[in-house]
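Take each chain as given, in its own frame, and dock them per the hints.
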Amino acid sequence: MTWQLRRGKFLAVTGASGAGKSSLLACLGGIVAPSAGEFKFAANELWELGFVFQNFRLTANLSVLTNVLCGKLGAYNWRQTLFSFSENERQAAFTILRELGLEKLVHRQVRKVSGGEQQRTAVARVLLQDPPIILADEPTSNLDAELAKRVLSILRDVCAEKNRTVIAVLHDARMVEEFADYELKIGADYENGWIFRQIQK
Amino acid sequence: MNKELPNDLKIPKLPLRERFTAFGASLALFLVLVVVSLPALEGAGRDLDYLTNLRRFAGQFFPPDWSAAPQILDALGETVQIAVMATFFAVILALPLAIAGAQNIAPRWLNLATRMILNAVRTLPSLIWALLAVAVVGPNSLAGVIGLTFYSLGYLGKFFSDAFESVDTEISDGLRRIGADRIQAFQFGLLPQVKPLILSHALWMLEYNIRSAAIIGYVGAGGIGLLLHTFQEYGQWQKFSTVLLFILALVTALDFFGEWLRGKLTKND
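Those protein sequence lines, which keep their order, are chains A and B.
Numbering that gives the first Met the number 0 puts the last residue of the first sequence at 200; the count rises by one with no breaks.
Numbering that gives the first Met the number 0 puts the last residue of the second sequence at 268; the count rises by one with no breaks.
Pulled out of the complex, with its shape left as it was, chain B reads as follows (with noise of 0.2 angstroms):
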């Protein structure tokens, strides 16, 4: 047992250096960040009573007002229908800017000018969007969509130019060699192994954008968020607490819907 086996019948060891996984520097990179931000944690630094605080303010919330359902009701559609809107016109606009912005699709500088504009369109969160859009068109549901579709167009943009980039173009040049032109290559090499990427990040985005219409309404954009902010200006906390469970209604249904399409999409495509 204890006999040292000759060295090239052993199993090879790793050096070093491969052992060095990229998994594992950003690991400890992370723990070092976690340290460094602890300071975060400070709060106010006055002795307050957090319990009694919390439970003061969330005693406001009950019992849930249902009596302003039928208003809420109505604010939840436009939510949704400005979310679709948004990621109709985002997915549309995100397209040719992906292609764009992928490297093994488009020049250089093109990649580099797109990626730019994309950095920059995500640099503004959602109720920054909104915001602008309010102080162009007016507070409507319509400043909502306009909000929305940028921002979701700086994700979409950067989602599909990374699937793009995830293919193999080896398919495509092949069809090139065979005789077929870039667009051709294209439509039968990259875009059928791109299409269920596309279909699942749109949906992600979708979701995502019905959560965040709850929101923008707050700056004046529409949709369900309006509803909040104006329950909470009046005090109206019992109102204010339905809305919250028609949102978690709403949000846990799209996920299991989402998560059902999904599925669907992976298998069938």
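Isolated chain A, as found in the complex (with noise of 0.2 angstroms):
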């Protein structure tokens, strides 16, 4: 397949289970390397990625709020990190888990809130971490439709405001109408296995 993405819009990827939606992510994420051809990100640049993974990858011992602030290790080495993370970076934490309905849950280890409250901690950490390019491997599967939008649209905000790049698997076609600017199907269905095309608002 070809394309192209532009920086700070929203492409939400589709297609039946199987599809290859997930590899492409991990292709793009450099989890797995492509069996054949290539893809560049702008200027050929190494950017930093921020993934909400499709099993969350949160440790669950942990409380909902340092894994969110796991998304910062990035930015301090880890003689920084060791005892705790800065006030600022807390308060930040804070403010995500509250956009997300996950105020009273701050403290309670991961293992201990559902599978919704665990993708949306999932997300928040992504959205602390605040990459130039994020991959979200079904970011909302485990959401009601509700806190879905919540979720989506404040991913769509990311890209709009601070010119974010989000390439996220999703199912819901309404979903895709209404929060992704470009959409890529993939499924044997179609010419070459693959449409990309522009959402029309």
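Since the hints were made in silico from the structure, they are not lab data.
Hints may contain errors.
To give a feel for the contact side, a few chain A residues facing chain B, derived at Cβ under 7 angstroms [claimed, not checked]:
{"#": "1", "residue": "Gln53"}
{"#": "2", "residue": "Leu61"}
{"#": "3", "residue": "Cys69"}
{"#": "4", "residue": "Leu72"}
{"#": "5", "residue": "Gln128"}
{"#": "6", "residue": "Pro131"}
{"#": "7", "residue": "Cys158"}
C-beta: ideal position from N, C-alpha, C; glycine also.
Below is the structure:
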């Protein structure tokens, strides 16, 4: 497949289960090497990436707040994070958690909160990290419609206001229409196996 | 009822090879070992009256002589101190060794070297370690601490290593991808998952060391074992049995306390 995505845009990747959406994201994230072809990020630079993993990859025995703060580990070296995070970062993390409705769970261990709450914790972590490119594998799969909308509209705002790029695997066609700028459909039904289209607002 | 279902509707048959599980194989192997090991039951081969022997020996234990209680309590306290210090040093020494021995953290050559050291340390029983320590620092409680430290190190090093390896590295890998360095990924991705296991193993080791500390006194390494040995040498079996009762009480109390604490650890941590 061949397509280009401008900075600051929200791309939704859709398609049936097993079509290769997650594999595409894994390639873009450098987790697996593509078996053929290549991709480049702007100016061929090594951009900082952020992830919302399909299985979250949160540390179950740490609190929700600490897991979110882990998004900022890259901004400090280990000596600076050995004992605690700065008050600014903690406050920023709490603000994000409040936006996602998790303010009552900040000190709760991740393994004691529900799947949907864990998923929002994973989203909060990437929002605190605030990387130029966010790769999100089904970031709303465990959320009800209302929460899913809230998460997607936050991601949408991050694109528009902070010029961040979001590439997210999504399932719900209405959500794609409402929040994404572009849609990449993958599947054997399409010519060449894929379609890249701009979403008309 | 008897009508044959078409094949695609029937539950698929598990192939014979997959039915032969590791569990079944181990069980079969163990049964073979039991049969092969039967000669161990042969004994002296002479016609001894086991029951009379036992009655004569055990009879000397009664009634227990409680006059030795203050002396025993003193020695018991020393035993606990030996065990606590040994466990403390062993945990501190075992952690770096365990990290070096964990295949998902350290390079392969370091794993092999560390595992070899730990295996060598584990080869010697606690009594032999205590004997060595007594030869070096003399017959006192320090020898007990040194002996048990080495002995525990062999076990805790292995247990901690296994604990580190049992943790999913997907989480720490994920942290690496979002910018964490190796130490941060370890601190936030691996260690929190391993901590409850480490605590639980350390607690087990403490219990075990208190039990062992009772024995190593036999070779001069301080604590209750020393007293046990003395009473045996002088044939004071009634005091000897009192010591055994005290050890039993301590071990039982420890067992309850350990169970209670372990429950707390796994629940809240």
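Results for each hint:
For Gln53 of chain A, the interface hint is violated, since its Cβ never comes within 7 angstroms of a Cβ in chain B; the closest pair sits about 11 angstroms apart. Interface restraint check for Leu61 of chain A: the shortest CB-CB distance to chain B comes to about 5 angstroms, inside 7 angstroms, so the restraint holds. A distance limit of 7 angstroms between C-beta atoms decides the matter here; for Cys69 of chain A the minimum to chain B is near 5 angstroms, and the interface restraint holds. Because the smallest distance between the Cβ of Leu72 of chain A and any Cβ of chain B comes to about 4 angstroms, under 7 angstroms, the interface hint for this residue holds.
Proximity of Gln128 of chain A to chain B holds as hinted, the smallest CB-CB distance being about 6 angstroms (cut-off 7 angstroms). Nearest Cβ of chain B to the Cβ of Pro131 of chain A: about 12 angstroms, over the 7 angstroms cut. The hint is violated. Residue-level restraint check for Cys158 of chain A is violated (minimum Cβ-Cβ distance to chain B is 19 angstroms; threshold 7 angstroms).
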